[in-house]
Amino acid sequence: MTTTIDVAPDVHDATPQPRGLQVRRSRGDRAFFGGVSFSGLVVLSIMVAVGLFLAIQAAQALRVTGIWSFLVTAEWETDRGKFGISAVLLGTVLIAAVAVAVAFPISLGTALFITEVAPNWLRSALIALVDLMAAVPSVVYGLWGLFLLEGQIVGLSRWINTWFGWIPLFKVAGADPNSPLASATVYTASIFIAGVVVAMMVMPIQCVVMREVFSQVPVGEREGAFALGSTRWGMIRVVALPFGRGGIIGGSMLGLGRALGETIAVLLILSPSFNINFHILQAGGNSVSYLIASRYNETGGVGLSALFAAGLALFAVTLVVNSTASWFVARSRSGASSEA
Amino acid sequence: MIDRHHSTRRRSVVVAALLTLGFALCLCIGAPPSATARSYQRISGEGSSWAANAIDAMRVNVRKFGITVDYNPSGSTAGRKNFLNGTVDFAASDIPFQLNPEDGSAPEKPAPNSYAYIPVVAGGTSFMYNLQINGKRVTNLRLSGQNISKIFTGTITMWNDPAIQADNPGLVMPARTIVPVVRSDGSGSSAQFTMWMISQYPDIWNDFCNRAGKAPACGYTSFYPTISGMIAQSGDLGIAGYVSQGFAEGAIGYVNYSYALGSQFPVVKLLNKAGYYTEPTPQNVAVSLLQAKINTDATDPAVYLTQQLDGVYNDTDSRNYPLSSYSYFILPTTVAGQFNTDKGQTLGAFTYYAMCEAQQDSASLGYSPLPINLVQAGFDQIRKIPGVVVKDIDVTTCHNPTFSPDGSNLLADTAPKPQACDQQGAYQCPDGTAGVSNVPTAILASAQIPVAAPTGDATPAATPTGDGTPAAAPSGEGTPAANGTPAANGTPAANGAPAAGGAPTTTTPAGGNASPNGSGSKAFVPVLLVPTGQNCDPDSGTCPAASGAPAPAAAAPAAVSPVASAVLPQSSGWNTSLALMLLIVVLTIGLVLAPAVAWRHLSNKAPA
Numbered sequence: 000m001t002t003t004i005d006v007a008p009d010v011h012d013a014t015p016q017p018r019g020l021q022v023r024r025s026r027g028d029r030a031f032f033g034g035v036s037f038s039g040l041v042v043l044s045i046m047v048a049v050g051l052f053l054a055i056q057a058a059q060a061l062r063v064t065g066i067w068s069f070l071v072t073a074e075w076e077t078d079r080g081k082f083g084i085s086a087v088l089l090g091t092v093l094i095a096a097v098a099v100a101v102a103f104p105i106s107l108g109t110a111l112f113i114t115e116v117a118p119n120w121l122r123s124a125l126i127a128l129v130d131l132m133a134a135v136p137s138v139v140y141g142l143w144g145l146f147l148l149e150g151q152i153v154g155l156s157r158w159i160n161t162w163f164g165w166i167p168l169f170k171v172a173g174a175d176p177n178s179p180l181a182s183a184t185v186y187t188a189s190i191f192i193a194g195v196v197v198a199m200m201v202m203p204i205q206c207v208v209m210r211e212v213f214s215q216v217p218v219g220e221r222e223g224a225f226a227l228g229s230t231r232w233g234m235i236r237v238v239a240l241p242f243g244r245g246g247i248i249g250g251s252m253l254g255l256g257r258a259l260g261e262t263i264a265v266l267l268i269l270s271p272s273f274n275i276n277f278h279i280l281q282a283g284g285n286s287v288s289y290l291i292a293s294r295y296n297e298t299g300g301v302g303l304s305a306l307f308a309a310g311l312a313l314f315a316v317t318l319v320v321n322s323t324a325s326w327f328v329a330r331s332r333s334g335a336s337s338e339a
Numbered sequence: 000m001i002d003r004h005h006s007t008r009r010r011s012v013v014v015a016a017l018l019t020l021g022f023a024l025c026l027c028i029g030a031p032p033s034a035t036a037r038s039y040q041r042i043s044g045e046g047s048s049w050a051a052n053a054i055d056a057m058r059v060n061v062r063k064f065g066i067t068v069d070y071n072p073s074g075s076t077a078g079r080k081n082f083l084n085g086t087v088d089f090a091a092s093d094i095p096f097q098l099n100p101e102d103g104s105a106p107e108k109p110a111p112n113s114y115a116y117i118p119v120v121a122g123g124t125s126f127m128y129n130l131q132i133n134g135k136r137v138t139n140l141r142l143s144g145q146n147i148s149k150i151f152t153g154t155i156t157m158w159n160d161p162a163i164q165a166d167n168p169g170l171v172m173p174a175r176t177i178v179p180v181v182r183s184d185g186s187g188s189s190a191q192f193t194m195w196m197i198s199q200y201p202d203i204w205n206d207f208c209n210r211a212g213k214a215p216a217c218g219y220t221s222f223y224p225t226i227s228g229m230i231a232q233s234g235d236l237g238i239a240g241y242v243s244q245g246f247a248e249g250a251i252g253y254v255n256y257s258y259a260l261g262s263q264f265p266v267v268k269l270l271n272k273a274g275y276y277t278e279p280t281p282q283n284v285a286v287s288l289l290q291a292k293i294n295t296d297a298t299d300p301a302v303y304l305t306q307q308l309d310g311v312y313n314d315t316d317s318r319n320y321p322l323s324s325y326s327y328f329i330l331p332t333t334v335a336g337q338f339n340t341d342k343g344q345t346l347g348a349f350t351y352y353a354m355c356e357a358q359q360d361s362a363s364l365g366y367s368p369l370p371i372n373l374v375q376a377g378f379d380q381i382r383k384i385p386g387v388v389v390k391d392i393d394v395t396t397c398h399n400p401t402f403s404p405d406g407s408n409l410l411a412d413t414a415p416k417p418q419a420c421d422q423q424g425a426y427q428c429p430d431g432t433a434g435v436s437n438v439p440t441a442i443l444a445s446a447q448i449p450v451a452a453p454t455g456d457a458t459p460a461a462t463p464t465g466d467g468t469p470a471a472a473p474s475g476e477g478t479p480a481a482n483g484t485p486a487a488n489g490t491p492a493a494n495g496a497p498a499a500g501g502a503p504t505t506t507t508p509a510g511g512n513a514s515p516n517g518s519g520s521k522a523f524v525p526v527l528l529v530p531t532g533q534n535c536d537p538d539s540g541t542c543p544a545a546s547g548a549p550a551p552a553a554a555a556p557a558a559v560s561p562v563a564s565a566v567l568p569q570s571s572g573w574n575t576s577l578a579l580m581l582l583i584v585v586l587t588i589g590l591v592l593a594p595a596v597a598w599r600h601l602s603n604k605a606p607a
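Line by line, the protein sequences are chains X and S.
For the first sequence, the residue numbers in numbering that gives the first Met the number 0 are 0 to 339.
For the second sequence, the residue numbers in numbering that gives the first Met the number 0 are 0 to 607.
Just so you know, the hints here were simulated from the structure itself, not pulled from any lab data.
You can take every hint at face value.
If you want the footprint, here are the derived chain X segments under chain S, 3+ residues with CB under 8 Å: (1) 139–152; (2) 224–233; (3) 264–272; (4) 292–303.
Treat the numbers as computed from the prediction; the structure is a model and nothing was measured.
Glycine included, each C-beta is placed from N, C-alpha and C at the ideal position.
All chains, full assembly: derive it from the sequences and hints.
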């Protein structure tokens, strides 16, 4: 393996010359190297193949509308050649954004609590619980959201709308907080509720990644902070958070990736519409995975091709998100700032 | 020592042998299904969620014969699509293949002569709603077809719209927004509903179609167009699930009658051309479908047995429910893809069961059993399945409640006439509907039919209203408020707003179709299944109003206060739980920030 070793500079020599390293690989090394690079290439080629397959399948639909029109049209009438992804993609992004906004503080807090605060007996129980949350199938979350959460959270939606309705994001058309007979249904089946349910699914993933990173905080630095008189919060702020920054960002982005693709929970809750709707508390919205799951069974020809085009768009967005995530993680390597 | 060792080993061998034997036995015991499964292969179907409750009951019941059927109620459109793709062995669909779709969608292209339709169950597309007045659930809402159409096209948006109020003289309709809940997936219910709307109220539909941006493809459609203010849900179950939620007050959605029964929710009594508001009970659906025109051209499998429902929409029988229809199985008639003759044998056995024995259960589920001619036609269609083991079934052994020796539809013949208070006009019945048929709703005193002697228990719906009805009925089979409810209810200002659009309404006195079939069929009566609250005695033909609670008595004290809305508390957005929530947020933030602030404060102080 090619590893460079930092040779301590010779104190006596004014101009130190690093010793040249000769790499001689054994047969085992070579086999390992070959195997690893092969699987790496396979993963890469599968990704490329998926992208290519989607692009080829999508070509028919994109030829009907044109790429630009496909990106900006907020309608889905495939049989009449009028369809586009803008509203759907916006819905996808909004759902994912709500999910991450809700899940991030919870998972960060849980991860910090588990690694830094909780007593030992509680720690293992909490870890098991969070892992359990990750193992619950998403349809269960969906049903939970539909039959329990939706009824309970309407009050919160109404409250946010009542007090923060002046922010366009929280505006709800047709809502009248002053009317006792106003229907609560305008707050149901919304992007917000779908986002909250997806947050429950995203949270454990984020939490696991963050917990892993926090548990690797060097004991020496942690003890050092305490030795210098730091409170626990001070230690978290000065040692744990900077050390784990990469993991925090990486975990959130991983969660965002999952939130973008979540289907069944969204399918159960959201009332589909193809208008551009950025009022997240208002009934109606859409997401790419929802669109594909609900229409796949019912279309053929151009309609099917259009679904592939939507899939391609989702694929591209996920790719961008994940690349950004890895770029972030690579830039702020865990522990980099605290080691300095 | 050695000996003991030996014995342990022997024992373990014996144990192992016993275990193996036991395991084998278990397999054998568990095997019966798999032993018969040699003759029956697992088959799969997909489609209509409208008919899914009936199909599910069939699936469960045939399991005892070793037949395993998987059914996915993902909507009629998906069922037909996947049947064409060859991924399922049969499809269930409320409408036939869309060879020439009218909504601009791509035509479906089944190979000619590769499929056959059989009607499998009849039922009513009902309007399930969630509405309260003064905190009490409304269970007896009535609507004209025009108002239903306007609700589902967004032109009537409030429950207290004068047109709706006119349909419900006994209720003080609340000033609440109507939330129409429609199907988001490709659905036969949507197709049936829009077909009816186009036939009856083309202007309302076309206007909506334009507003929803669908024009010019404004034919009937499986994909209900949505506009702002509507909620779209997937499947009948999705709609029923949404409407039955506590928050969904004001919501109304179209589902099969069986879903309203299952959710214990009421359905709208829909105005028919005879001027009566009716519920899609199995009997009413049976009566209505007497007017369905079934295609009898057996030479063309693309249309054979399909339905033409204009007669149902315009039927002037007082018991008619306009949105009654049949739902179909689409059966393969050629071997193709994953479908082979082994599966054909299973499918044949399953469909024989569906056409014969299963029909006696459909009424208890909220569907209506098939009439004898369709069952016989269905038997002939089943013969076309490749691999089917043909049975010669005597239809009288099916215990189908519609069968009578003289060939008439017994269920339809014995269907009770609607009560006088269900007639369009100044009166309204308090009785509940569908899933809450035992929960009457209090009605205004002015909308109650004046009762002379409210105690009389069996007085047929106590109709001495001055329109001098009954008299003619008591012959035997006839029904209480029967044949001659003469037009003018004689009562005040009948219907300020002419609710029914263009319907001949009040002046058509049913009578014509009543056919109080003589005593000839009486011997066969006992099979009659009456699942809903209307406990009608098949012998006397009497139907006491509301089985559970004596209607007039329950209604009398109620006299709804007309100031319905003023009582409700002003919800300004604040209440204790919200205050608590805010407190928790503040505390959480405080607990997170406080140590940091304190630490910083202290650390700033320390050097000084």
